[in-house]
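Take the given structure of chain A and dock chains B and C to it, following the hints.
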Amino acid sequence: MRISVLASVLMAFAGLAGTAQADYPERPVTIIVPAAAGGGGDTTTRILARELKDILGQPITIVNQGQGGGVVGLTAIKNATPDGYTVGLLFPYAGYKATGQADFSAKDFTPIANFNGDSSSLLVGSGSRFKDLKTALEAIKAAPGSFKVHCSGGCGSVWDIPVAGMMLDYGIDVAAIKWVPGQGAAPGLIELAAGGVDFQTASLPEASALMSAGRVRPLAVLSPEPVPGFPNVATTAQTIGVAVDGGTWRAIGGPAGMPADVVAKLDAAVAKATQSTAYKDAMAKANFGVKYLNGKQLEELMLRHEKDTARVMDALGYGK
Amino acid sequence: MVILTDVLGVLLDVHLLLVIVASAIYGLVLGAIPGLTALMATALLVPVVMFMEPVPAIAAIITSSAMAIFAGDIPGALMRMPGTPASAAYTDDAYSLTREGKAGLSLGAGLFSSVLGGLLSALVLTLAAPNLAELALQFSSVEYFWLAVLGLSCATFVGGSSLLKGVAALLFGLGLSTIGMDPVSGTPRFTFGVTNLLGGLGLIPLLIGVFAISELLRTVTLPPTDERRAQAAVGSVSAGMGRLMWRHRREVLRGSTLGTLVGALPGAGADIAAWISYAVTRRSQKGKDPNALDQKVERLVSAGAANNAALGGAYIPATVFGIPGDAITAIVISVMFLKGLNPGPTIFLNNPTAIYSIFAIFFVANLLMIPLGILCIRTFGLILKVPRAYLTPIILLFCIVGAFSVENTLFAVGIIAVVGLLGYFMEANDIPMAPAVLGLILGPVIEQTFMTSMLKSGGEVSVFFDRPLAIALAVVTLGSWALAGVLKLVDAAKARPVLT
Amino acid sequence: MKVQDVLVGLFFIAIGILMIEYAADLKPPRHLKFGPGFFPLIIGSGLILVGGIIALLGLRTLRTEPLWHRPEWSRTRQGWVRFCSIPAAIALYVLIVDAAGFLLTAILVMVLVLAVSGVPLRRGVPAGAVTAVVLTAIFASVLHVPLPWGPLQTISGWLLW
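Protein chains in written order, with my numbering: chain A, 1 to 320; chain B, 1001 to 1500; chain C, 2001 to 2161.
Don't read these hints as lab results, they were simulated from the structure. The beta carbon of each residue, even a glycine, is placed where N, CA and C say it ideally should be. Misleading hints may appear alongside valid ones.
Facing chain C, from chain B, some residues (calculated, C-beta under 7 angstroms) [stated by the list, open to error]:
hint	residue
1	Gly-1175
2	Arg-1189
3	Leu-1216
4	Thr-1221
5	Leu-1391
6	Ile-1394
7	Leu-1410
8	Val-1413
9	Gly-1414
10	Ala-1428
Okay, chain A solo, but in the shape it has when bound (with noise of 0.2 angstroms):
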């Protein structure tokens, strides 16, 4: 027994990072959130840790690293050791390019397992004149310079950059709209009831305290279905005809070069947890959607997110 624990230090100490492992995981998992403790990242990856600590049968520690909208912790999970026992939350990450924070992309991170998606909205406050969509579309592209939309979070990020994305396709000229950024969606959602900004776009579990409230009124949701939870909020198919599928998406992802077995194996527990009733139950609980795609489809789903952020960012004029 000692010597085994001896000799297990003294393997720790040469490092056998990056071979292949057949016994993966034999110690405690580490996953890097790039945001702070209580958002829907933390939250989201807390509910499939829960699961995944049961199939892998290690503990797994969750480290938040929020700091810099999340540069830092992405940064932290691009520069681990990829021996597969410290992954991290992927999130869209394109946005910080244009802002000239980071450069990351699909290259610097082994893709491993998606787990959640939800759809971005456009919101307006309870005393706005738009009903629906289309109208306020029509109101913005006769006048983009007169409209404020808030962004949630900074600008060119997670649920602005689909819905600009749309009016771009709707043929608004979105470099003239002004875009407001903010410290996240609860905020923005104060801006939006108290009357400083005309829109906002966020998620709608983010805003069904206030729309219970009777404060705000999410004008359409870009996804294809109408959201669980949410039956009565319109689709974009079902007001202006064009069904787009936009929002955030979050991941399990590591650093680049992971063992190919690890990967499997991390996988095909990310697929067992995301089928599992206990986290099945949370997610819908706390509103969450659940969305597994494997590695592949994940790694398709991040080129997919580059390319469309960089149209978008450079229609509204980012780096110029």
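Only chains B and C this time, still in chain A's reference frame:
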């Protein structure tokens, strides 16, 4: 009435009571140790509470954060190392009382004002949460801007002996707060390509450095014979407190009201509440000796009541609209969602038992604070008897762990060393540290709200005066500045004959 | 170390100039009227103004006061060692904790600072060991602060409760 019996039924659950007592002790211990903060206490609870039943989970957060905010006063008063940013406003007052041999008075006033502030805000929370939440919804970026500017003027009241050096310290703090991504466009500033600097220096590591590490530097260089901690013998904490609180009832009430209101404004929170309450009380003492015992206690009591009241106030927008007032309620909201106990006005109709049980826990926690708080102060007094040579490295390790656990980077640990040295030299040159901390807290708020307002108006400055609430706040802010200026001139005019 | 007010003023002026200098290169992105350089510009100007006044007022006493005043402790080598032991201990922690693990590093930090304060090793080492084990148990094992395990990493699964 039915609800009342239901709530009582919930509260009398043994499991819940155990959770409350355990988290009370946890919060007190973490809050009382220099280097460990209320935010750290709550953040470390997340993995535990996230999968508990909703009422015990939220009870754990409420109890531990209330206890930690109070307990932050203890190392502030006894060692001049405030345990939380919310205690920083009155640390110097509390510590000077200790040095006069009145540690019991200082801590007792802090404890009982915390309890009263917490109870009063719980009362407001229970009776008027939905109405007050309406008020919070009237605040756009313009109103927040004025509120933050008003907060800045507090610096002139906590600046110590030299007003000029106080203002310099405030500007220095504001300058440090601009490090990192700018709050509007996200452009990196003063980062010199260092990824860790993108998130700024971090308030908690800065606080630990500026107060705890710089104090450690001062103590290690004291000659071994100078046991200045020796006078920290804590007298009775509870004796005469009823009379004391009654005598300062105006300050307690003022602190509790200001605390609840400021706490109800998302993004303001306990730190700013304590500063504003401190400054308002300081102003009301015009013409009296600011260093007199009574005046110190008045300021202590009003700020101590304010920071605990703000904690309750933050639950107003959190429960009514699901809007977090600070990092702690952000965690509470996510726990509520996770349990299907979705915050919103409907929660008062759909789930009154749960929501009023949560409010009732505020009463329980604050009452529990009296015996446990006294016990904690007593224990802490014993810890001070540990020889200084052993205490120093232990506090140092707590500071390291405290900075690391909030930011999860080694970079944050390095920050405390650099900022500790900086704080040491500032102190040595009579540059007060409290205004610098105020600048660090308010800097991002002011810049963010100013830039957002300008963005919305297309660069028109008139945006700051075109809403009724904004005008009211602008008048209060600018008026108080003008008044301060006039009073200074009058004072100067009066003082001149004496000088010559 | 207490320095003359002229130097204090000059320090703030220097920081103000650095801030303005850096801010001048920050261009407002896109159609924003005020960019990321606006606030640093205002704060920097304020620092120059206030620093200037402090320096000017300090000129009054420049003749009578020394430029700097060395504190009592800095006159002995032991005083310097004690003062530097705190930042040095933090630097040591930052440098070796990832490789050596929290437990070992915490013992080293304790022993180092204790030795500097004149506590003999036969007392310092056990005191350091006890503190480090207690801290590891509380923060790493129970509260799950991700403190590095170092050589214990392979068995850390058993040490997490």
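The hints, checked one at a time:
no. : hint     : verdict
1   : Gly-1175 : holds (5 angstroms)
2   : Arg-1189 : holds (6 angstroms)
3   : Leu-1216 : holds (5 angstroms)
4   : Thr-1221 : holds (4 angstroms)
5   : Leu-1391 : violated (10 angstroms)
6   : Ile-1394 : holds (6 angstroms)
7   : Leu-1410 : holds (5 angstroms)
8   : Val-1413 : holds (5 angstroms)
9   : Gly-1414 : holds (5 angstroms)
10  : Ala-1428 : holds (5 angstroms)
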